[in-house]
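There are 2 protein chains.
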Amino acid sequence: MKFKIKKNILLDALNDVSKALSSKNIIPILSGIKFNLTKEKLELTASDNDITIKTFIEKSDDLEIIDSGSIVIKGKYILDIIRKLDDDFVNIEKLDDSKVLIYTENSEFNLNGISVSEYPPIDLELTTDFITINVNKFKEIINQTNYASSTDEARVVLTGLNLKTEGNILECSATDSYRLALKKVQLEKKLENDINIIIPSKNLSELYKLLTETVDENIELHIFNNKIICRFSNILFQSRLINGTYPNTTNLIPKETLFDLKVNKRDFYNMVDRASILNNDRDNNVITLEINNKMLKITSMSLEIGKVEEKMNVDCDEKFKISFSSRYMMEALRTINTNDVVLSFVGEVKPILLKESTNEDLIGLILPIRTY
Amino acid sequence: MKFKIKKNILLDALNDVSKALSSKNIIPILSGIKFNLTKEKLELTASDNDITIKTFIEKSDDLEIIDSGSIVIKGKYILDIIRKLDDDFVNIEKLDDSKVLIYTENSEFNLNGISVSEYPPIDLELTTDFITINVNKFKEIINQTNYASSTDEARVVLTGLNLKTEGNILECSATDSYRLALKKVQLEKKLENDINIIIPSKNLSELYKLLTETVDENIELHIFNNKIICRFSNILFQSRLINGTYPNTTNLIPKETLFDLKVNKRDFYNMVDRASILNNDRDNNVITLEINNKMLKITSMSLEIGKVEEKMNVDCDEKFKISFSSRYMMEALRTINTNDVVLSFVGEVKPILLKESTNEDLIGLILPIRTY
Chain A
128 MKFKIKKNIL LDALNDVSKA LSSKNIIPIL SGIKFNLTKE KLELTASDND ITIKTFIEKS
188 DDLEIIDSGS IVIKGKYILD IIRKLDDDFV NIEKLDDSKV LIYTENSEFN LNGISVSEYP
248 PIDLELTTDF ITINVNKFKE IINQTNYASS TDEARVVLTG LNLKTEGNIL ECSATDSYRL
308 ALKKVQLEKK LENDINIIIP SKNLSELYKL LTETVDENIE LHIFNNKIIC RFSNILFQSR
368 LINGTYPNTT NLIPKETLFD LKVNKRDFYN MVDRASILNN DRDNNVITLE INNKMLKITS
428 MSLEIGKVEE KMNVDCDEKF KISFSSRYMM EALRTINTND VVLSFVGEVK PILLKESTNE
488 DLIGLILPIR TY
Chain B
128 MKFKIKKNIL LDALNDVSKA LSSKNIIPIL SGIKFNLTKE KLELTASDND ITIKTFIEKS
188 DDLEIIDSGS IVIKGKYILD IIRKLDDDFV NIEKLDDSKV LIYTENSEFN LNGISVSEYP
248 PIDLELTTDF ITINVNKFKE IINQTNYASS TDEARVVLTG LNLKTEGNIL ECSATDSYRL
308 ALKKVQLEKK LENDINIIIP SKNLSELYKL LTETVDENIE LHIFNNKIIC RFSNILFQSR
368 LINGTYPNTT NLIPKETLFD LKVNKRDFYN MVDRASILNN DRDNNVITLE INNKMLKITS
428 MSLEIGKVEE KMNVDCDEKF KISFSSRYMM EALRTINTND VVLSFVGEVK PILLKESTNE
488 DLIGLILPIR TY
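As given, the protein sequences belong to chains A and B, one line each in that order. Under the working numbering, think of the first position of the first sequence as 128, with each following residue one higher. Under the working numbering, think of the first position of the second sequence as 128, with each following residue one higher.
Treat the hints as calculated values from the structure; they're not laboratory data. Some clues are possibly wrong.
As the list claims (entries may be wrong) - Under the rule of at most 25 angstroms between Cα atoms (straight-line distance), these lysine to any residue pairs were calculated in the SDA-like manner:
1) Lys134(B) <-> Asp177(B)
2) Lys226(A) <-> Lys424(B)
3) Lys434(A) <-> Arg210(B)
4) Lys134(A) <-> Asn142(B)
5) Lys134(B) <-> Met457(A)
6) Lys221(A) <-> Glu436(B)
7) Lys317(B) <-> Glu293(B)
8) Lys211(B) <-> Val413(A)
9) Lys424(A) <-> Lys134(B)
10) Lys211(A) <-> Asp215(B)
11) Lys392(A) <-> Asn464(A)
12) Lys434(A) <-> Asn142(B)
13) Lys291(A) <-> Thr462(A)
14) Lys477(B) <-> Asp488(B)
15) Lys382(A) <-> Thr292(A)
16) Lys317(A) <-> Asp303(A)
17) Lys434(B) <-> Asp194(A)
18) Lys424(A) <-> Lys424(B)
19) Lys146(A) <-> Lys264(A)
20) Lys448(A) <-> Glu232(B)
21) Lys392(A) <-> Arg210(B)
The shape of chain A in the complex, shown without the other chains:
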C-alpha cells in the first residue's frame, strides 16, 4: 500500500469514519481505522460493532495511487497526525504488515499498524429494494422525532426510533412512554415489501452528525433483518436494529380534542423556559398552564426558592388548567418549524398535542402530570 493524498481530503474522510470509533475500546482492533487501497480508490472503514462507517476516495489529482494494499491504523493517532500536518499533501506507505510510514517533506511518522487479517469481516452489501429520501427531509425526521425516545435500557424497544411503511407513507415514531413524537412523510417510490424496524436512537444521532454538511442530495436506506445501511455522498453508514415489537403509537393519539390554541412558538417557548427557571434542578420540572378570561398563564413554584407567573393574551374563551414537564414541552416545541404552534387540549388529565400551524405531518404528544 502506497499513496499520496491531499491532506484535507483525507482529514475529512478520517473525521467521518472516526465517528464510529469505539471510545470504550473493548475489542482493541476496533480502535483502528481500516485503510484499503485498490487500484481505483482508497476505502476507510471504522466500526464499534454497533455502527460501521465506510467512506471512499476515488483516484484523482488529489489521490495518487502507487501501490494497492491494506492495513489497520490506530484512529486516534492517524487523525491527530493528519490534522496537525502543515503540508498540502501527505504520503502513506505500508512498510510491512504491522508498520506504516506517514511522511511529508519535513515530517516522518513510523506507526505500528495491525494486519487487516485481524479486522472483523463486515458485510456492507446493499439491497435493490431501498428507500430514497432527500437528506434534508431525513435530517428533519431525526430532529423532530429522535429526541422523544427513551434512554432507559429496561425497555429496549423504546430506546430506538420506529420506522414503518404503509405503501408510500413512511411513519417514524419515538416515545419514552411519557411523551411521543410521530412524523409522517410521503415517499416518492414505495417499497416492494413494507418494513417495520427500530433503529437505536443514539446511532441515529451519530448519523445526524455525519449528515450536517450534506445538503440537497438523497440518502438511501437499505433495510435488512437485523441492520440498516444508509448510503449518501461517499459514505456507507451501517447500524444494527433493535429486536422486538414497537407499540402501535397511532392508537395513543387522541382522535378528538376539546379545543385548539394557536400561539407564537417563540413567545410560548420563552414563557415555558422562564417558568422552569426556579425548578430546573429537579427531574420533575412541573409547570402549570391555565387558561381563563382570554389569558394564558404559566406558573410554577418551589417553596424553597419562590414562584413564577408568566402571562400571555390569547384568543380563547375556554377555562382550562393542566400541569406538565417544562423540559418535555420545550423539547417538543423545538421541533416545530413554523412561527406558530397549535396546542390541542383533550382534557385536564389527558395528553397535550403539538402541531405545526401549516400541516399535520408532525405530532408531538406530552402526558400531563397530576399535581395535588
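Take the given structure of chain A and dock chain B to it, following the hints.
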C-alpha cells in the same frame, strides 16, 4: 429597595460579579449576590471568601431608582431570570427582608431572598499608594507568566504569581520548579514602598476573564498585607494573597548561554506539537531536540505506538542534543508574541531559555529531562 433597570446593563453586571460565586457553596449565603441600592447607584457584590467582585451601576436613563435598600438574591436564579427575560427593562422590588419581586409586563418572579445583615462584611477600601497599569499590558503579564505556576498545594507559594517592585520596575514571575516565566515591565510611577506579594494564580485567571472585554484603560492595583484589590471600569476585584516567601527566580536564570537559535515560532510550535502526538497520553511527554549539520530535528518515540521525526533547516553550526517536555515547550511558546522565538541553550543538562525576538522583557525557562 425598588428600581427599574435596562435588562442588558443588569445582565452584564450580574455576569461580572457572578464569577466570584462559589460553586462549592460551603457558606450558603455566598451563593447569593448582594444588591445594594443607594440614591445614586446600584452596587452588586459577590464573594467566595477567596475573591470578591463588586460592580456599580450609576443612576441614568438605564437605571431609575425609586427606593433605596438592599437584599441578597441567589446568584444562579437571578442570572437565569434576567438572561431569559425578553423585555428591555426589568423592575426589581424588595417586598420584605426575605422576599423580592422581579417583574416585567408579562413575567413575575417572587423570589426568596436573604437579609443583607447575614452577608459577611467585606472591606473594599482602597489605598492611596497603588500601581497603575494599562489593562492590555496587565492582561499580557497574566498571559505570559501565570501558566507556569504550580497546581500542587504541597508548596503553596508556587501556586501563585509573584509580583515585586524595585523602583519603577515591576517583576512578575511564576514557577512550578520545572519551568519558569519571568516578565519585567516599567511602571509610569513608582510606589512609595516596594512590594513583594504572591497572588493565587487561579484568582488571576478569574480576573483575566473579567478583563477580556476591557481595553485601552488603566487598572489600579491596591496592595495590602493580605489582599489585593484591582480596580477597573466599574469593577472592584479583590483576592487574598498567599503568605510565604517566594524563591528568588532571577538567580535561577543562567547568565551565560552556549548559543542562541532564532526560529519561526509557528513552525517550531507545530513541529513540537506533531512530535508529541504519539506520547500525549502520558504525563511525561518527552521529546528530543537535536541540532547537527545545520539541521534541527525533533524526535520522540513510543515502543507501543511508533516514532516521529520532524526536521527544520537552521542557520546554526552547533552540534547539540537536549530532551524536554513538549507540553512545557508549547505552553511557553504560546506566550511569545513575536513571529520568531529566540531559544537559548546553556548545556545539554541545563535549562532552555525562550525570549521574544525584539525584546528581553519576557523570559521563559524550561528544565531539560534526562533520557537514558
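Going down the list of hints, with the structure as the test:
1. Lys134(B) <-> Asp177(B): violated, 29 angstroms
2. Lys226(A) <-> Lys424(B): holds, 22 angstroms
3. Lys434(A) <-> Arg210(B): holds, 17 angstroms
4. Lys134(A) <-> Asn142(B): violated, 42 angstroms
5. Lys134(B) <-> Met457(A): holds, 24 angstroms
6. Lys221(A) <-> Glu436(B): Roughly 17 angstroms between the alpha carbons, so the hint for Lys221(A) and Glu436(B) holds.
7. Lys317(B) <-> Glu293(B): Judged against 25 angstroms, a Cα distance of about 8 angstroms means the pair holds.
8. Lys211(B) <-> Val413(A): holds, 18 angstroms
9. Lys424(A) <-> Lys134(B): holds, 23 angstroms
10. Lys211(A) <-> Asp215(B): violated, 46 angstroms
11. Lys392(A) <-> Asn464(A): Status holds; Cα separation ~9 angstroms.
12. Lys434(A) <-> Asn142(B): Holds: Lys434(A) and Asn142(B) sit about 23 angstroms apart, inside 25 angstroms.
13. Lys291(A) <-> Thr462(A): holds, 21 angstroms
14. Lys477(B) <-> Asp488(B): Between Lys477(B) and Asp488(B) the Cα gap is close to 21 angstroms, so the pair holds against 25 angstroms.
15. Lys382(A) <-> Thr292(A): holds, 21 angstroms
16. Lys317(A) <-> Asp303(A): violated, 29 angstroms
17. Lys434(B) <-> Asp194(A): Given that 25 angstroms is the threshold and the Cα spacing comes to 23 angstroms, the pair holds.
18. Lys424(A) <-> Lys424(B): violated, 70 angstroms
19. Lys146(A) <-> Lys264(A): Measuring from Cα to Cα gives roughly 22 angstroms; hence the hint holds.
20. Lys448(A) <-> Glu232(B): Roughly 22 angstroms between the alpha carbons, so the hint for Lys448(A) and Glu232(B) holds.
21. Lys392(A) <-> Arg210(B): holds, 19 angstroms
Going down the numbered hints, you'll see the structure goes against 1, 4, 10, 16 and 18, while the others check out.
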